[in-house]
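Asks: Spelled out from the first residue to the last, the chains are:
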Amino acid sequence: MPTLTYLQAISDGLREEMRADERVFVMGEDVGVFGGAFKVTDGFVDEFGADRVMDTPLAESGIVGTAVGAAVVGMRPVCEMQFADFIACGFDQLVNVAGKMHYRQGLAVPITVRLPSGGGFSGGPFHSQNPEAWFMHAPGLKVVAPSTPEDAKGLLTKAIRDPNPVVYLEHKHLYRRIKGEVAAGSYETDFTARIAREGTDLTVVAYGAMVHTALEATAPEQLDGASVEVLDLRSLVPLDEAAILASVRKTSKVVVLDEANATCAAGAQVAALIAEHGFEDLDGPVVRVAAPDVPIPFSPPLEQAVLPGVDRVKEACRDLLAY
Amino acid sequence: MTSSRTENGAGAPTETALADVTMPQMGVSVAEGTVVAWKVAVGDPVVAEETVCEISSDKIDSDVPAPVSGVLAEVLVAVGETVEVGTVLARIAPGGGDRELRQSSAPRGRQTDAAPGASGRVSPVVARIAAEHHVDLSQVHGTGRDGRVRKQDVLAFIEALAAAPTAEPAAPAAEPPLHIESPYIPEPAPAPAAPSAPAAAAAPTTLSRMRRQIGEHMKRSLETAATCTTWMEADMGRVEAARRRLGTTALPLVARATVEALREFPALNATLDGERYEQHAAVHLGIAVSLGDEEGLIVPVVRDAHELSVEGLARRVKELARRARAGELTPDEVRGATFTITNPGQYGSIMATPVINQPQVAILDLEAVVKRPIVVSDDEGNDMIAIRPQTILGLSWDHRALDGALAARFLGAIRARLERWEG
Chain A
1 MPTLTYLQAI
11 SDGLREEMRA
21 DERVFVMGED
31 VGVFGGAFKV
41 TDGFVDEFGA
51 DRVMDTPLAE
61 SGIVGTAVGA
71 AVVGMRPVCE
81 MQFADFIACG
91 FDQLVNVAGK
101 MHYRQGLAVP
111 ITVRLPSGGG
121 FSGGPFHSQN
131 PEAWFMHAPG
141 LKVVAPSTPE
151 DAKGLLTKAI
161 RDPNPVVYLE
171 HKHLYRRIKG
181 EVAAGSYETD
191 FTARIAREGT
201 DLTVVAYGAM
211 VHTALEATAP
221 EQLDGASVEV
231 LDLRSLVPLD
241 EAAILASVRK
251 TSKVVVLDEA
261 NATCAAGAQV
271 AALIAEHGFE
281 DLDGPVVRVA
291 APDVPIPFSP
301 PLEQAVLPGV
311 DRVKEACRDL
321 LAY
Chain B
1 MTSSRTENGA
11 GAPTETALAD
21 VTMPQMGVSV
31 AEGTVVAWKV
41 AVGDPVVAEE
51 TVCEISSDKI
61 DSDVPAPVSG
71 VLAEVLVAVG
81 ETVEVGTVLA
91 RIAPGGGDRE
101 LRQSSAPRGR
111 QTDAAPGASG
121 RVSPVVARIA
131 AEHHVDLSQV
141 HGTGRDGRVR
151 KQDVLAFIEA
161 LAAAPTAEPA
171 APAAEPPLHI
181 ESPYIPEPAP
191 APAAPSAPAA
201 AAAPTTLSRM
211 RRQIGEHMKR
221 SLETAATCTT
231 WMEADMGRVE
241 AARRRLGTTA
251 LPLVARATVE
261 ALREFPALNA
271 TLDGERYEQH
281 AAVHLGIAVS
291 LGDEEGLIVP
301 VVRDAHELSV
311 EGLARRVKEL
321 ARRARAGELT
331 PDEVRGATFT
341 ITNPGQYGSI
351 MATPVINQPQ
361 VAILDLEAVV
371 KRPIVVSDDE
381 GNDMIAIRPQ
391 TILGLSWDHR
401 ALDGALAARF
411 LGAIRARLER
421 WEG
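One line per chain: the protein sequences are A and B, in this order.
Quick note on numbering: the working numbering labels position 253 of the first sequence as 253, and the sequence is numbered without any gaps.
Quick note on numbering: the working numbering labels position 362 of the second sequence as 362, and the sequence is numbered without any gaps.
Treat the hints as calculated values from the structure; they're not laboratory data.
In this text, all values refer to a predicted model and were calculated from it rather than measured experimentally.
Hints are supplied without guarantee of correctness; some may be wrong.
[To be verified] Examples of chain A residues toward chain B, derived with CB under 7 Å:
1. S252
2. E276
3. F279
4. D281
5. V287
6. D319
7. Y323
[To be verified] Listed next, the in silico SDA-like pairs over lysine to any residue satisfying Cα-Cα at most 20 Å (straight line):
8. A:K314 x A:D240
9. A:K100 x A:Q82
10. A:K250 x B:I158
11. B:K39 x B:D20
12. A:K250 x A:K179
13. B:K39 x B:V68
14. A:K250 x B:A164
15. A:K250 x B:R335
16. A:K100 x A:V73
17. B:K219 x B:D235
18. A:K250 x B:P124
19. A:K179 x A:D201
20. A:K39 x A:K100
21. A:K250 x A:F279
22. A:K250 x B:D44
23. A:K250 x B:Q152
24. A:K179 x A:F279
25. B:K219 x B:R335
26. A:K39 x A:T3
27. A:K250 x B:A127
28. A:K39 x A:V73
29. A:K250 x B:D20
30. A:K250 x A:E276
31. A:K250 x A:D240
32. B:K219 x B:A164
33. A:K39 x A:D92
34. A:K250 x B:R128
C-beta: ideal position from N, C-alpha, C; glycine also.
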């Protein structure tokens, strides 16, 4: 199996689907000749032509709106937001139009919106956000967030083929940092959670880049040999409630980890689920680790202080293990 | 409350208005049950499904729930009475004006009554596991913050309970071990091997009173304790050199090391009587003394052994052994030990499974010191084979009171002191 970076795996999945299905096309700012701000679609315009790799104006509302229109007439558009933060400009088209189309008019909207998200590289408050909770809160949308190259490709394939609008969060800080074996050819990854590491004493629930933070913070040598399970959600909508509750049943102690701002984050939903349906399995409070409710600072030391890091996660786990 | 009672008493509503609480069928073959306790008094309000009384049969204990909400109007079967299945135990007058009041004032979660650990708080999972396994949480030692009982604590408690019955059959049958206190009696004459002894010599005799008492004591120990035995090898080189300088056997040195280890692990300087487990501050060390093959065995006690040096221990042990063999011990001198050492290694045995001296929780067995080729490492980490005086320390311990890891750590602490002996 070839070893690809997280970014290469996204390109690979997109390319496979475009080769296999003529209805699939790409829209976004500078995705054509320039190959995208992060080079996900590098070379795509040469292979697929400008009709299927379309440069757009700086107008996210237009990008998503055009995609919705194309989707309802049978196309499978993949929209690239240059940064996840910019989806705010396309919010109405995504949340109100795409998300409610099937409910109002019975029409499927099979669009995929790629959101390069997350911080950790001094991108500042407009280029570092994790806006997944906005879309979890909007019925009609699916929300996925891969943490590994293998899942990045499989989840993208699944998203493109899904008849619903899917918000696909790709973490920028993983793009070139994370490598892994990725199967050649086409495959789908289900919208379910995966156990990133088995454990018995405590569960850390995470997704996206935080899966790697969790794995590093809870390696056995970090916590006096405690056996910590790391659950990678992969999909936030639908949320794999069975997998979360099964892990809680096993370990009885949970740390929920978000890179996003704490209030109403995906982890808040996970914590609420456990409080309601996992209560009798708990041997300690459900502990949350997330970014405080502040903009992501540009200053590198300040950003490191705001984003949940290995030390904070380790400390939270150590504290809960001792409870 | 008052109005309800008045209403109930005065109105004495028609018989048809009352709901019967009957003796339930507790099992296919159970035809009757005994009322153990009433949980609701006549005149008190009761909520549907709330326990009205507790009942018991020869096979099972259970609660009888109220079939309806209302006020308990009559109790027809007294505590201790045994009645057939289907018998009416009590009657409930439906309604009951202050039902809501009772519901809100009497929370149904009974786990809050228990006060395990210092904090008294119980997590949901611990409460559930305790309820499922009928565990009294006040019996469980909490290792969480402020002594909170954690999930692993209650699981370990249940596991220990489950392990206890299976551990017993694994223990050896109650052939009382031969204890001997090696240095203070002369080398015994080799037992005349006389398989072809005259038939008269084999005539059956009744056991002596002491043998019967020993047998009874040993059997009871094996039936009571979940006896496990842990062994550990120790290099006795330094101890052998030291004891030659002191002119004693190894026993007082081992006793001293044991006393120090007991101070480090007070969980083993303890007694377990029924469910009462008590750790003791002072070490009263029992030393098993053989009175000869015919006579039996007695365990005089070195009181406050923690206050004695090796020389002091040697003198005291010697004196007690002499008095034991002379039949001069007083009852007080064989009582109250918190830990026992037995030392049958003189005849060359290298391992045994000693029986715990009840109600103590462990016994140390000291066997023969034998020269063996073993691998040793020098200061630079080079391995080589050397001839060393080795012994096998055996510790029988009660799995009801402690677990194998602790037993091993304790034994390891004794070994470390012996191997690094100075003086």
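Asks: Straight-line Cα separation of K250 of chain A and R128 of chain B no greater than 20 Å?
Replies: Holds - the C-alpha atoms of R128 of chain B and K250 of chain A are around 14 Å apart, at most 20 Å.
Asks: Given the hint that K250 of chain A pairs with F279 of chain A, does the C-alpha gap stay at or below 20 Å?
Replies: 13 Å, holds
Asks: Are the Cα positions of K39 of chain A and V73 of chain A separated by 20 Å at most?
Replies: 29 Å, violated
Asks: Given the hint that K39 of chain A pairs with D92 of chain A, test it: the Cα-Cα distance must not exceed 20 Å.
Replies: 27 Å, violated
Asks: Sort out whether Q82 of chain A lies within 20 Å of K100 of chain A, counting only the CA atoms.
Replies: The hint is violated at about 24 Å.
Asks: Taken at face value, is the distance from the CA of F279 of chain A to the CA of K179 of chain A at most 20 Å?
Replies: Violated: K179 of chain A and F279 of chain A sit about 38 Å apart, past 20 Å.
Asks: With a cut-off of 20 Å on the C-alpha distance, tell me whether K39 of chain B and D20 of chain B pass.
Replies: Distance of about 16 Å is within 20 Å: holds.
Asks: Within 20 Å, alpha carbon to alpha carbon, are K250 of chain A and Q152 of chain B?
Replies: 12 Å, holds
Asks: Is the hinted pair K250 of chain A and K179 of chain A satisfied, with a Cα-Cα distance of at most 20 Å?
Replies: The given pair, whose Cα atoms are some 30 Å apart, is violated under the 20 Å limit.
Asks: Taken at face value, is the distance from the CA of D235 of chain B to the CA of K219 of chain B at most 20 Å?
Replies: Violated, because 33 Å separates the two Cα atoms, which is more than 20 Å.
Asks: Going straight from one Cα to the other, do K39 of chain A and K100 of chain A come out at no more than 20 Å?
Replies: Violated: K39 of chain A and K100 of chain A sit about 32 Å apart, past 20 Å.
Asks: Under the criterion of a CB-CB separation shorter than 7 Å, is Y323 of chain A in contact with chain B as hinted?
Replies: 6 Å, holds
Hints 2, 5, 6, 8, 9, 12, 14, 15, 17, 19, 20, 22, 24, 28, 29 and 33, counting from the list given before, are not met by this structure.
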